[in-house]
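Given chain A, put chain B in place with the hints provided.
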Amino acid sequence: MTELSRAQIRELMGQVLKNQGKVLPDDDGADLREVGFRSLDFSELALRVEDETGEELNFDAPGLRRIATVGDVLDFLVELQRQ
Amino acid sequence: MSSAPAHPATSHPAGADNRIVVGGTPTTWRDLPELTLPAAPVAVLAHSARYALAAARHHAVHGGELLLSTPGRVDEAMRAELRDAGFTVTDLGADAAGVDTAAAVAPADFRPVEHDRLWLLTSGSTGRPKRVGHTLASLTTVRGEQSARTWLCPYAPGTYAWWQVVTLSLTQPGQDLVVVEPEQLDDWPALAAAYGVDAASGTPTFWRRILHRDPAGLARVPLRQLTLGGEPVDQPILDRLREVFPTARISWIYASSEVGAAIVVHDGRAGFPAEWLDRATPGRPTLGVRDGELVITSPHHAVGLAGPVHTGDRAQLVGDRVLITGRLHSDEINVGGSKVSAGGVRDVLTAHPRVAWARVTGRRVPLLGHLVVAEVVLTAAAPAPRPDSPTVAAPTEPTAVPDEAGLVRWCADRLPEYAVPRRIRVLTEIPVKETLKSDV
Chain A
1 MTELSRAQIR ELMGQVLKNQ GKVLPDDDGA DLREVGFRSL DFSELALRVE DETGEELNFD
61 APGLRRIATV GDVLDFLVEL QRQ
Chain B
1 MSSAPAHPAT SHPAGADNRI VVGGTPTTWR DLPELTLPAA PVAVLAHSAR YALAAARHHA
61 VHGGELLLST PGRVDEAMRA ELRDAGFTVT DLGADAAGVD TAAAVAPADF RPVEHDRLWL
121 LTSGSTGRPK RVGHTLASLT TVRGEQSART WLCPYAPGTY AWWQVVTLSL TQPGQDLVVV
181 EPEQLDDWPA LAAAYGVDAA SGTPTFWRRI LHRDPAGLAR VPLRQLTLGG EPVDQPILDR
241 LREVFPTARI SWIYASSEVG AAIVVHDGRA GFPAEWLDRA TPGRPTLGVR DGELVITSPH
301 HAVGLAGPVH TGDRAQLVGD RVLITGRLHS DEINVGGSKV SAGGVRDVLT AHPRVAWARV
361 TGRRVPLLGH LVVAEVVLTA AAPAPRPDSP TVAAPTEPTA VPDEAGLVRW CADRLPEYAV
421 PRRIRVLTEI PVKETLKSDV
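Same order as they appear, the protein sequences are chains A and B. Residue numbering for the first sequence follows the UniProt record's numbering, starting at 1 and increasing by one per position. Residue numbering for the second sequence follows the UniProt record's numbering, starting at 1 and increasing by one per position.
So here's chain A without its partners, still in its complex pose (with noise of 0.2 Å):
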């Protein structure tokens, strides 16, 4: 299986972002609440991960956690490619 760096899924999440018309801030600590990054924006991104990688991530193997800066995010999607 191919995983994908932190660093390609910040990519991908600025290509997302990109085509709403918003930008990806350089801060990790930026809450995503300000950039504009909502629930229809995870779900293309763990989309386009999927694609990249040619894997279904499993979304229900991970533990409870909060998701709420663009960190979290790129956290959450690396360590979901592991499981």
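Derived by calculation from the structure, the hints in this document are not laboratory data. Heads up, some of the hints might be wrong.
Computed spacing ranges between beta-carbons, pair by pair [as the list claims (entries may be wrong)]:
1. A:Ser5 to B:Ser338: 32 to 40 Å
2. A:Asp51 to B:Arg249: 26 to 34 Å
3. B:Glu183 to A:Arg6: 28 to 36 Å
4. A:Arg38 to B:Ala104: 32 to 40 Å
5. B:Ala106 to A:Arg38: 35 to 43 Å
6. B:Gly196 to A:Val23: 18 to 26 Å
We treat Cβ as the ideally placed atom computed from N, Cα and C, and that holds for glycine.
Just chain B now, kept in the frame of chain A:
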């Protein structure tokens, strides 16, 4: 908590003094604004939860014929349809002044009032929403003495699920209500914890979203009753909620505006016991599976729907359980609780002058359940304009070969945000197996 009633002489429902928190402010049913509505039949489009609740209370006190919905669910064509059906259409609370400036548009023609009739607009999974007739009594499916509870109400005003929570609080003393406004949907646990919400009902998507977004905040809400409904309920979501609330009662409910609340399961397992099938008990729904479809004969049915109702939902017998797994006809894509017609999205795509063929499907994703995705085949060259197509127009429309982003923009200009395909794959040939049937 209460203040002097606006109309002391009127008969208020039994739950009139229950606390309701709406717009972040506690009040009671009794203390909601007193409305002066046009003569029935009236279609109320409530611009805020507060006025939706006031309209419900108004109906409970004064009766009349009422259709209650939100402006977002009723477009101009539906407004015209309602006027043609004899409704005065009223926008309520459109500005800060609320009822005093309510705009009313008179019906096309007058007709006799169906006293005590409540109309719901169904979500219209594959086409236009349709009107389904009920009464306050037929919407009140929880009867008998209940433990005192403070319920969360996250539903859109006027939907069947909204009426379920509202009628419970209106008719039963001790059933308080905390209303979640649309903009609070991602952050409702703080509100719920602040007002001691101990019972909440929502779709599996609603619960999944918050489990991912703020599980710690969710765990701080002192829930003793969790209810799921409105979508297929699978075992993983029940199990995950059980991890957070090990001692709460976790129930799932099968309900619809057509057959009412028909199935309620409290044992923490997906599906319902197979032994419930074809069991006729007076006053209770009879459940059946016919050719893989759930069929229900319900005492809570809407007007004109007596007898067995084919629900369109797929039911499968798995071991000792009957699992309800989705819609039989897969035109419907559920994006975070919003229903999208795959055929409708396909029509928008194929209206693009450079799209020869399109297939639209739902793809499984976290948080929202599904996202709309598409495959298209482009034409070899730009065809002549198609003036007969309402969604294609203008000589200024693009005729250059579009890329994925261009097609997404095309859709975004013509569809609600949730219905826009987020991935569009360009194929070089129309798949052979799809030449006979090109939809999902």
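Is 32 to 40 Å a correct range for the gap between the Cβ atoms of Arg38 of chain A and Ala104 of chain B?
holds, 36 Å
Please test the hint of 18 to 26 Å on the beta carbon pair from Gly196 of chain B and Val23 of chain A.
violated, 41 Å
For the hint 35 to 43 Å, verify it against the beta carbon of Ala106 of chain B and that of Arg38 of chain A.
holds, 40 Å
When you take the CB atoms of Ser5 of chain A and Ser338 of chain B, is the distance between them in 32 to 40 Å?
The hinted range 32 to 40 Å holds for Ser5 of chain A and Ser338 of chain B, with Cβ atoms some 34 Å apart.
Beta-carbon spacing of Asp51 of chain A to Arg249 of chain B - inside the hinted bounds 26 to 34 Å or not:
violated, 41 Å
Okay, Glu183 of chain B versus Arg6 of chain A on CB: inside 28 to 36 Å?
Given a distance of about 31 Å, which is inside 28 to 36 Å, the answer is holds.
The structure shown violates the earlier hints numbered 2, 6.
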